[in-house]
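Start from the sequences and build out the full structure, keeping to the hints where you can.
Residues in the sequence shown are numbered from 1 upward in steps of one, following the working numbering.
For the record, the hints were derived by calculation from the structure and aren't laboratory data.
Do not take every clue at face value.
Said to hold, decoys possible - The calculated lysine to aspartate or glutamate pairs, modelled on EDC-like cross-linking and capped at a C-alpha distance of 20 Å, are:
no., residue 1, residue 2
1, K87, D356
2, K149, E299
3, K245, E570
4, K158, E12
5, K245, E17
6, K153, E17
7, K149, E23
8, K153, E12
9, K505, D123
10, K19, E154
11, K153, E351
12, K149, D356
13, K153, E299
14, K158, E351
15, K222, D123
16, K505, E627
17, K158, E36
18, K86, E36
Stated by the list, open to error - Quick list of the computed label-pair ranges, beta carbon to beta carbon:
no., residue 1, residue 2, range
19, T82, D221, 53 to 59 Å
20, G121, V628, 31 to 37 Å
21, Q354, K19, 19 to 25 Å
Virtual Cβ for every residue (Gly too), placed ideally from N, Cα, C.
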Amino acid sequence: MNQETPKTSLPENAYRELKPGEEYTPVMPASPAPIEVTPYSVLMGVAMAIIFSAAAAYLGLRVGQVFEAAIPIAIIAVGMGTVLGKKNMLGQNVIIQSIGASSGVVVAGAIFTLPALYILGLDAAFWQVFLSSLFGGMLGILLMIPFRKYFVKEMHGKYPFPEATATTEVLISGEKGGNQAKLLAVAGLVGGLYDFVVGTFGLWTDAVSTRICAWGETLADKFKVVFGLNTSAAVLGLGYIIGLKYALIITAGSCLVWFLIVPLVGSLTEALDPAALAALLGVTNQGLLDDPQQLFTAENLYTYIGKPIGIGGIAMAGIIGIVRQSRIIRQAVGLAVSELGGSKKGADTTERTQRDITMKRILSLLIATLVCVFVFFHFGLLDGWVQSVTAILIVFVISFLFTTVAANAIAIVGSNPVSGMTLMTLILSSLVLVAVGLNGTTGMTAALIIGGVVCTALSMAGGFITDLKIGYWLGTTPRKQETWKFLGTFVSAATVAGVMIVLNKSYGFVGEGALVAPQANAMAAVIQPLMTGGQTPWMLYFCGAALALVLTAIGVPALAFALGMFIPMELNAPLVVGGLVSWYVSTRSKDQALNKARMDRGTLIASGFIAGGALMGVVSAILKFCEVDWFLSGWASSNAAEWTGLVMYLVLIGYFSWHTLRARKEE
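Put into structure tokens, the structure is as follows:
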């Protein structure tokens, strides 16, 4: 096979575990080398990074939602190549996607933490935001590369990689054209329009709950039991790709919180002093402090009790993962040490599709980055050498250890629990900094900047493993993806820093009409009592950690379960719905070849739903930026809109199942 006649479909073993002795051969084989890095692919990638960094930063700060940029960038890359009449663009499109996708992960790392500087009335200059985002992104890349082969090759077929799957389907269908591309386009149109109508017009709600009925209101008010379900097409598609097994484990975590812990605490409300409980939980919301009885809604009990337990579970699951993967970590470190005195001969003889940046260069870049971070901390934030050394140790140790946790989370559910891990980082770093004599406003600034670096590093690590998995399936050169990812990180960090400064001057983060920035507000609420004195829910963190240990002992994946406790029920329950659709369509026939054809067709449709939803998220962000308001708020808040949402969701599920079951073996 040559470059003029490339394969245009994924091998049948792309998504399943390999049999003993079986090898995976990517779409673009190791030889000959495909065209990947060109002026067109680099410039398009940079343009995507700038555009999507600005859009994601605005949307995330304005409404608290950060969309994943990888999928819409892949769609645009394929579309632009088609419009310009370019051929054999698969390798270049992966580079465009990889550079451009830096935007979403860098933005998430920055806006989850750094706006808290403004919220707490602290100074935040452009260079602080830019450098914390840049250095965090670089650390995430450098720390992830040694684990690439483990996650994308050795664990082939063991993780669903939902976002990577959807993006890969977009790229390969664009290259293939024909019926596959049409099917993806139709599914993307259906899913995109469905989510666009909800988000832009509000013709029906994007979530339904048991509060829709009178008996549901009674359950919520008296027994603190609420069940919620997000009805978006994108989350339904995500559940299909994740599969029923992991969806059930994740949602089991939500069920424990919403159907046991929250009702149990709610049943004790009459025996508890609301004001004392609010203080114990570290509640800083002034409305709840003025009227503590408001604390005892199911939703607030979840926020102040369920989520902290989830954070403790994620932290302990991460530690367990680190211990279990210690062999992989030791191998990566050992390889780094052995290559320090080696030559490039071994790297040159490695198969192209498995060729990374040399470990010697990674170590050199890592040391240089850490030195730059130290200089940044010592001369820009802190006064003493002890504090600066402590800060750099916190950044390196947490980033290094939790890199694998972030990658695991992305591989399983497609969502990085970076906000939960960052909250834990802020708590730990604040305690350590206080111990070395740093507190007050200086301590809060330092802790938030440290949190920003770590948050961006973990966000980048999780996002980058998605890029590398896409490259593994398609057959791009890892070294090229890794090298040009640094450019995307630089551009995205500069863009998000500029956008954040502009938005702060235009809207602000406090007062009437201010930007929402919910994650940053949560970070501010956590860090202020730690640095100035106050309550922290240590017991809840401990309970989550203990639960993770028990789950591990009985063989339940603790990270997936803890993610379910931390992520709202309404976003987890639809994963089970999608998983049930996946199970249903792939088990209807006694002919396994037909079942596989249906499963593959469903994966393509689910990818279209995810892609369409992500792309419409960008359109919605643009409309919001232009202050276009077509939302029927009165109707959207009514019970009728919620019932309409439930009916439309059932119609969508029916369409999804019917369209998937139309598959034929020859597909």
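Name the hints, by number, that the structure is in violation of.
1, 2, 13, 14, 15 and 17
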